[in-house]
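Asker: One letter stands for each residue in the lines below.
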Amino acid sequence: MKAVGARVPRYDGIEHVTGRTVYVDDVKAPGTLWVKALRSPVDSATMTGLDVSKAESLPGVHAVVTWEDVPLLEYGHLSALGIPADEPLLAKDEVRYKGQPIAVVAAEDEDTARAAVEAISVDFEERPALYDVRKAFDEDAPKVHHWGNWYPHFEGEMDCRQIRKGSVTDAFEQADLIVQGVYRPAAIEHVPLETQVCLVVPEANGRLTIYSCTQALYFSMGVVAAHLQLPLNKLKVVGGTVGGGFGGKVDTATETLCSLLALKSGRPVKWRWTREEEFLCSSTRAPWHMEIADAVTKDGWILGRKMLTLHDSGAYARFSPYGLTKHSFHHTGAYTIPNLEFDGYVVFTNRVPTTAMRGFGVTSVSFATETHLTRVAHELGLDPYEVRLRNANRIGDTSPNRIVYTDPSIVPVVKALAGGMDNELAPEYAAMSREQRSGELLPEHLVGQLGNPEDH
Amino acid sequence: MAVHNGRGIAAIEYPTGMNQNGDPSQAWIKLKPDGRVDVFAGTSDIGNGSKTIQSQIVAETIGVPYEWITYDNSNTDSSPVCTGTFASRATFVAGKAVEKAAERVRERILEIAGKELEIDPGDLEIVDGEVLAKGAPQKKIAVPDVAAAATWTYGELITGTGAQLKAYSAITDPATGEVDSPPHSAISYAACAAEVEVDDETGTVRVTRLVQVYDVGLAVNPTLVEGQIEGGAIQGLGLGVLEECYPYYPSVEHRGGQFGSYLAPGIEDLPQIDTIIIENPSADGPYGAKGIGEMANNAQPPAIASAVYDAIGVWVTELPITPERVLRALEAKENGAGEPTRDGKTVVFDSELSVNAVSGGGMTFDAA
Numbered sequence: 000m001k002a003v004g005a006r007v008p009r010y011d012g013i014e015h016v017t018g019r020t021v022y023v024d025d026v027k028a029p030g031t032l033w034v035k036a037l038r039s040p041v042d043s044a045t046m047t048g049l050d051v052s053k054a055e056s057l058p059g060v061h062a063v064v065t066w067e068d069v070p071l072l073e074y075g076h077l078s079a080l081g082i083p084a085d086e087p088l089l090a091k092d093e094v095r096y097k098g099q100p101i102a103v104v105a106a107e108d109e110d111t112a113r114a115a116v117e118a119i120s121v122d123f124e125e126r127p128a129l130y131d132v133r134k135a136f137d138e139d140a141p142k143v144h145h146w147g148n149w150y151p152h153f154e155g156e157m158d159c160r161q162i163r164k165g166s167v168t169d170a171f172e173q174a175d176l177i178v179q180g181v182y183r184p185a186a187i188e189h190v191p192l193e194t195q196v197c198l199v200v201p202e203a204n205g206r207l208t209i210y211s212c213t214q215a216l217y218f219s220m221g222v223v224a225a226h227l228q229l230p231l232n233k234l235k236v237v238g239g240t241v242g243g244g245f246g247g248k249v250d251t252a253t254e255t256l257c258s259l260l261a262l263k264s265g266r267p268v269k270w271r272w273t274r275e276e277e278f279l280c281s282s283t284r285a286p287w288h289m290e291i292a293d294a295v296t297k298d299g300w301i302l303g304r305k306m307l308t309l310h311d312s313g314a315y316a317r318f319s320p321y322g323l324t325k326h327s328f329h330h331t332g333a334y335t336i337p338n339l340e341f342d343g344y345v346v347f348t349n350r351v352p353t354t355a356m357r358g359f360g361v362t363s364v365s366f367a368t369e370t371h372l373t374r375v376a377h378e379l380g381l382d383p384y385e386v387r388l389r390n391a392n393r394i395g396d397t398s399p400n401r402i403v404y405t406d407p408s409i410v411p412v413v414k415a416l417a418g419g420m421d422n423e424l425a426p427e428y429a430a431m432s433r434e435q436r437s438g439e440l441l442p443e444h445l446v447g448q449l450g451n452p453e454d455h
Numbered sequence: 000m001a002v003h004n005g006r007g008i009a010a011i012e013y014p015t016g017m018n019q020n021g022d023p024s025q026a027w028i029k030l031k032p033d034g035r036v037d038v039f040a041g042t043s044d045i046g047n048g049s050k051t052i053q054s055q056i057v058a059e060t061i062g063v064p065y066e067w068i069t070y071d072n073s074n075t076d077s078s079p080v081c082t083g084t085f086a087s088r089a090t091f092v093a094g095k096a097v098e099k100a101a102e103r104v105r106e107r108i109l110e111i112a113g114k115e116l117e118i119d120p121g122d123l124e125i126v127d128g129e130v131l132a133k134g135a136p137q138k139k140i141a142v143p144d145v146a147a148a149a150t151w152t153y154g155e156l157i158t159g160t161g162a163q164l165k166a167y168s169a170i171t172d173p174a175t176g177e178v179d180s181p182p183h184s185a186i187s188y189a190a191c192a193a194e195v196e197v198d199d200e201t202g203t204v205r206v207t208r209l210v211q212v213y214d215v216g217l218a219v220n221p222t223l224v225e226g227q228i229e230g231g232a233i234q235g236l237g238l239g240v241l242e243e244c245y246p247y248y249p250s251v252e253h254r255g256g257q258f259g260s261y262l263a264p265g266i267e268d269l270p271q272i273d274t275i276i277i278e279n280p281s282a283d284g285p286y287g288a289k290g291i292g293e294m295a296n297n298a299q300p301p302a303i304a305s306a307v308y309d310a311i312g313v314w315v316t317e318l319p320i321t322p323e324r325v326l327r328a329l330e331a332k333e334n335g336a337g338e339p340t341r342d343g344k345t346v347v348f349d350s351e352l353s354v355n356a357v358s359g360g361g362m363t364f365d366a367a
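One line per chain: the protein sequences are A and B, in this order. Just so we're aligned: 284 in numbering that gives the first Met the number 0 is position 285 of the first sequence, and the numbers increase by one with no gaps anywhere. Just so we're aligned: 164 in numbering that gives the first Met the number 0 is position 165 of the second sequence, and the numbers increase by one with no gaps anywhere.
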């Protein structure tokens, strides 16, 4: 029997549907302590007078961890890619979003842990907060981040992710029509059924066993090892079966703090976020602000695109520079546009940091560019299928980064959709294929932009 | 007051693996003395089905039944590096690593079977758990007997390792975005048509049907890829008409902290979903597979926005398309507002949302 291509039963399906799968929350270790966090109650403030002594002295409290206990306080999600770190594991002298962790406690039970959190004293001096990415660049905008209000560390220390190709000036001059629009998809929550949860057991041999719901065992192990300044042989991450992630569990939200508490208390510790914490304190999909101006001809060719993207990163960078770069690489969608001017900024605001989510960086740009293209079709009085097929990537077309497409299938895909919708295409469109451009499908403006598919 | 029907489409592309690459996955495989197969990989299964997919790839590559595979991704002591389950990479990148490891195992089985059968390993193949002489299938030895011979006769462990890594693609010119090598693998393409009903009294948008086409490269498991596509469609529907962390974005006020105040799609929101799968094999993926897990929620929001326009003649370009946004857009249309400004050959939509309207001058956007 062939295994590949077969509808074999899901490897762990029976366990899942009969409730016998062992998730992190099902793992029991004798003597486990409960963890609770003191979180910022305000969006932006300087912080002074952090005092945990009263909490530490409460009966049943075994450990309290603040920024002073972290060997390496700042380690970035993208440090492995050479992107500098900006986010302290626990707030030190300021808070930049409501829900930001300041201290964590490990206690005999949840109630004691909660009481210990309430016993921590700290003073906040609130500052004006910034919420609107469109206002971040103004001189009088509240200052969010020590790097400024937008990320300044792209290659060459640029503060903007740029794509430039051809001449948009020429394209806009030659255009029959210029269509401009603004697109703003919302922040959404990942809503996994399993909230963030972690159990760390300090073993007799000095190792830490970290039961984790991470989507990335080795990535999370690397993050913990970096903050704790430990070699990898001191850590064992146990997981691999996750109760829903969608990108939010690439963030290593609980593992490092639980490891610190386990080391300090010498006891197993467990932190299971409440649903409310998951909604309000876990990272979200980013809200995006995108503006597009397309230069088009009356028969539906896209000559050029100018685009501005403001990526709302929340209070820290996390994966946002990666997400924006991916976004920029895909801002022409499945189409060939020879003249491009893209500017994208990772903008900091006083909200929970945003992170990866299914389609990271591209979900937003697909919404913007596809809605825009249908608008363009309506403005031109053209069929939305036909505008797509005309501009669709073909073998030998080039990407915004000048990479030659060798295997695009957008033409057969769009034709299949037309078929599925019983939408009859005009004969010239029905005859289209993904093969290299020629004849009427190789107009003047595309001649110079083709590449050789053999090169890649 | 009426319910209006509308249709809209969108067509999208999405890369497989991390943008700019540089994301390794590794695997190792060993045989038990009865030929059963233990796979160790570090890929978390987040419900995407990667344990199943990778087990299928191993079974196919070695030539043994799927039921013989034990897949262990449980911890970092026994499992080698996997960058993680994101970037649509669990089938394409990590699946390639297990395929390579399984190829090594198959080669070792054939070598030992060759000794037992006194036939050149190159003249042998493995089919359904048996090693057969090509062209003379009566000459054969079962894989369990090969594993036993390795263990008890030759004193060998049949094992194999595999690793997949596409080199990092560097941006060589940050001013233009030029790169030194393809920053993506196996781009997948998809298209979606949405049919909606819009109630102009309540503002409610109901998505009644989604027709979707996906080029999946090759469906390693058609049931699971359909699951990704249909599950993604529901998440895309949530993005389109229901979900938002900040109901008054950019304000942070009134965040929903419970299921009762955050509208994730429920069973009552399900439209009819028709899925058309196209298999255009990728050059690099295991058996030609691509990764379509993430893109599965990207095409619905623009298709829905266009369908809403088709139904009621207003563009709502802030997501989600809530009843409030629909009613405000209809009200603006009635008052003669909400129309784009037209100046010469330039048509400007949504000017009230632009940085030009909101920024104090620190950021602008102009077509010219």
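Bear in mind the hints are in silico, worked out from the structure with no lab data behind them. Just so it is clear, the structure is predicted and the values come from calculations on it, not from any experiment. Treat the hints loosely; a few may be bogus.
EDC-like, lysine to aspartate or glutamate: derived pairs with alpha carbons at most 16 Å apart [as the list claims (entries may be wrong)]: (1) B:K344 <-> A:E67; (2) A:K233 <-> B:D76; (3) B:K344 <-> A:D298; (4) B:K344 <-> A:E378; (5) B:K344 <-> A:E172; (6) A:K1 <-> B:E129; (7) B:K31 <-> B:E155; (8) A:K1 <-> B:E155; (9) B:K344 <-> A:D169; (10) A:K1 <-> B:E124; (11) A:K235 <-> B:D71; (12) B:K165 <-> B:D179; (13) A:K91 <-> A:E67; (14) B:K138 <-> B:E115.
Residues from chain A shown here face chain B by an in silico Cβ test under 8 Å; the list is partial [unchecked claim]: (15) L262; (16) F328; (17) I409.
C-beta: ideal position from N, C-alpha, C; glycine also.
Asker: Of the hints given before, which are not true for this structure?
Answerer: 1, 8, 15
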